[in-house]
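Enquirer: Protein chains in written order, with my numbering: chain A, 3 to 330; chain B, 620 to 944.
The list that follows gives simulated cross-link-like pairs (lysine-lysine, DSS-like), each with its CA atoms no further than 25 Å apart:
1) K4(A) / K329(A)
2) K889(B) / K329(A)
3) K329(A) / K934(B)
4) K754(B) / K744(B)
5) K4(A) / K889(B)
6) K889(B) / K621(B)
7) K744(B) / K4(A)
8) K104(A) / K4(A)
9) K934(B) / K4(A)
10) K934(B) / K889(B)
11) K261(A) / K934(B)
12) K621(B) / K261(A)
13) K691(B) / K708(B)
14) K621(B) / K934(B)
15) K889(B) / K817(B)
Which stretches of chain A does chain B cover? Using the computed rule of at least three CB atoms under 8 Å from a CB of chain B, they are:
16) 7–20
17) 131–143
18) 292–305
19) 319–326
Derived Cβ-Cβ restraints for the label pairs, each shown as a range:
20) G898(B) / K329(A): 20 to 30 Å
21) K621(B) / D288(A): 26 to 36 Å
22) D288(A) / D749(B): 42 to 52 Å
23) E216(A) / T871(B): 51 to 61 Å
24) E57(A) / G898(B): 43 to 53 Å
25) V132(A) / D631(B): 20 to 30 Å
26) V132(A) / K754(B): 49 to 59 Å
27) F759(B) / E292(A): 52 to 62 Å
28) E181(A) / K621(B): 48 to 58 Å
29) K329(A) / E660(B): 49 to 59 Å
30) D632(B) / K74(A): 38 to 48 Å
If you are wondering where the hints come from, they were derived from the structure by calculation, not from laboratory data. Since the structure is predicted, the reported quantities are computational estimates derived from the model, not experimental observations. Where a beta carbon is used, it is the ideal one built from N, C-alpha and C, also for glycine.
This is what each chain is made of:
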Amino acid sequence: MKIGVRTLNGEERRLIQARQIGAHGGSIWAWALPGFRENCVPTLEGLLRMRQRFEAHDLLLTGIGLGADCIKGQLLGRPERDDEIDRVCQTIRIIGQAYQDKSAADSPVIILDQRVTYWARGGWTGAARVLGRGGVLLHDFDASRDAHLADEPAGQVSLDEVWDRITYLYERIVPVAEEADVRLATHPDDPPLPVYRGAHHALNSFAGFRRLFELFPSSHNGMLLCLGCMQEAGEDPVQVIRYFGERNKVFYVHFRNVKGTVPHYTEVFPNEGDLDMLAAMRALWDVGYEGVLVPDHHFGIQGDTEWSLASRAWQVGYITALMQATKP
Amino acid sequence: MKLGLGAIHELDDATLQFARQLGVGNIIVHTPELRGDGFWEFRDLLMLRTRVEAAGLRLYAIENVPRDFYDKVRLGLPGRDEQIENVRKTIRNIGRAGIPVLGYDFMLVGVWRTGYSPQGRGGAKVTIYDHELAKRAPTFEMGEFDDETMWANYTYFLEAVVPVAEEEGVMLALHPDDPPVPSIAGTARIFRSIEAYKRVIEIVPSPANGLEFCQGTVAEMCHTPDEVYDAIRYFVSRNKIAYVHFRSVDSTVPRFAETFIDEGRIDMLKAMRAYHDAGFEGVLIVDHTPGMVGDTRWGHRGRAYAIGYMKALIKCVRAGEGGPL
Numbered sequence: 003m004k005i006g007v008r009t010l011n012g013e014e015r016r017l018i019q020a021r022q023i024g025a026h027g028g029s030i031w032a033w034a035l036p037g038f039r040e041n042c043v044p045t046l047e048g049l050l051r052m053r054q055r056f057e058a059h060d061l062l063l064t065g066i067g068l069g070a071d072c073i074k075g076q077l078l079g080r081p082e083r084d085d086e087i088d089r090v091c092q093t094i095r096i097i098g099q100a101y102q103d104k105s106a107a108d109s110p111v112i113i114l115d116q117r118v119t120y121w122a123r124g125g126w127t128g129a130a131r132v133l134g135r136g137g138v139l140l141h142d143f144d145a146s147r148d149a150h151l152a153d154e155p156a157g158q159v160s161l162d163e164v165w166d167r168i169t170y171l172y173e174r175i176v177p178v179a180e181e182a183d184v185r186l187a188t189h190p191d192d193p194p195l196p197v198y199r200g201a202h203h204a205l206n207s208f209a210g211f212r213r214l215f216e217l218f219p220s221s222h223n224g225m226l227l228c229l230g231c232m233q234e235a236g237e238d239p240v241q242v243i244r245y246f247g248e249r250n251k252v253f254y255v256h257f258r259n260v261k262g263t264v265p266h267y268t269e270v271f272p273n274e275g276d277l278d279m280l281a282a283m284r285a286l287w288d289v290g291y292e293g294v295l296v297p298d299h300h301f302g303i304q305g306d307t308e309w310s311l312a313s314r315a316w317q318v319g320y321i322t323a324l325m326q327a328t329k330p
Numbered sequence: 620m621k622l623g624l625g626a627i628h629e630l631d632d633a634t635l636q637f638a639r640q641l642g643v644g645n646i647i648v649h650t651p652e653l654r655g656d657g658f659w660e661f662r663d664l665l666m667l668r669t670r671v672e673a674a675g676l677r678l679y680a681i682e683n684v685p686r687d688f689y690d691k692v693r694l695g696l697p698g699r700d701e702q703i704e705n706v707r708k709t710i711r712n713i714g715r716a717g718i719p720v721l722g723y724d725f726m727l728v729g730v731w732r733t734g735y736s737p738q739g740r741g742g743a744k745v746t747i748y749d750h751e752l753a754k755r756a757p758t759f760e761m762g763e764f765d766d767e768t769m770w771a772n773y774t775y776f777l778e779a780v781v782p783v784a785e786e787e788g789v790m791l792a793l794h795p796d797d798p799p800v801p802s803i804a805g806t807a808r809i810f811r812s813i814e815a816y817k818r819v820i821e822i823v824p825s826p827a828n829g830l831e832f833c834q835g836t837v838a839e840m841c842h843t844p845d846e847v848y849d850a851i852r853y854f855v856s857r858n859k860i861a862y863v864h865f866r867s868v869d870s871t872v873p874r875f876a877e878t879f880i881d882e883g884r885i886d887m888l889k890a891m892r893a894y895h896d897a898g899f900e901g902v903l904i905v906d907h908t909p910g911m912v913g914d915t916r917w918g919h920r921g922r923a924y925a926i927g928y929m930k931a932l933i934k935c936v937r938a939g940e941g942g943p944l
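Given the sequences, and given the hints that come with them, work out the whole structure.
Expert: Printed below as a string of structure tokens:
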């Protein structure tokens, strides 16, 4: 297993810091790549440059977050989705080209999210910052903060409709991912409520992912297993690791912890949450997981840098020790 | 086992808050600037303690009094008895203020390094000691001091202060000589081996005669990592370790560089397991960490990294990870 961090933009300074705190790799948003903001497709040259930049710092580019801006029509089930999906396919092919010398396991995964409500007005309004130990700022979610809001952005969307949209996308991109030898890692719906702002969530649970993999049983179709999301959802993340890990469906792991489950939970330090991170780590070794572990979200420590370096360092230190201590 | 933040010269609210946010419960203040001509006043020490406690933390130790509080004692010069009297006064005041530990050292030329260069992971800056370079140092301004003299000076000091510390319930904690080489600038560095550390606790047997176990320095002096784990068990099982500097290095004297906590020559899980299994109840602090890009001078982010790492190690050893030694 390896340690990964979210660099978001791939900035040089962050890569140096990532390496110094012992990370082996990092992810970026697709928009950090030349061409993506303009065309929703990165240039091959731009991606190769990003790859080189990571490798110059002895880091792997482990994941590329597609984001939602370029698949808005797909998520909302609108006709423009065909063009969008075509661009997603081009993006997959470009990643495959940029890593044609590498196996899929050593190439960046594409991180996908299928939550319909990305553009809900007011954003993720159930979220707030609350104070943790010593006044550290924590992310907190409480669905009751959203209760008065209208269904957004597209009224009510049934579970069947959400699955139709997911199916429409995956039946087009999974074959391309296979051909390009690039892996798709789908992130769970966060917050993992059954329904959020009127739209059903299909991928908010163990069952949702099992269905996704039944529908598209490709070796290139897997999950970004966010342990925090699974814990928030009331699932047993250790069982989720075991079930999907044994089936080689875990491509990427967000190794974070929470207290509470939907409708109200707080993101906390890994040693303070409801999930036993040591048990999670042991399970990951047991199933032979070889990908990255990413601390994902960070805490507001006083005087921290804009990239939350103190929080990130603490979390990476914690994960590193767990990983080294349990290594079989 | 508890975690703390140390190397805090100037106590301020931000540092105390930072400690709480990292999830540590103890503070070790390093040579605080307090009033006092040759000794520290009870009231200032009490204020220091209550200030830490007001932030929800414990003031576990003070590391080092100003060097000139007992320079004549180290050198064995006339006037040392007056200084010793003052040190005793300071120890009494520390005890009455409710601060459990006083860390100290007995080096004439202090901690020594010969370099600070970006050769650490990802270009992090690490301190380096190379004895070949240090050998060129001119002789110490007060002349040469051999092993015998230093042991005599130290024993004189220890015998004079330990009874007072014992009476007041203060544990004195000796830092080893870092780097642990026979001499620098003509001054003997007597606490350069595990044997010397053993001798210290035997000269004056007392629960108040303890060690500031700088694991970094110990790693610099031991030929094999196993000797380090053995030393941990030896001293912890005798209740001799007041607190630990939990850090690592890449090699031993005559040449070594400091490293990030997870990549040195010591298996930190085994070390933590040794403290745990021997029943260590004191505090572990980070001491110092490599200099990272975008970190502060004090190393907030490097310390955060080490604390996160130590938190997880403690969890692991308590859960039985690390196997038998």
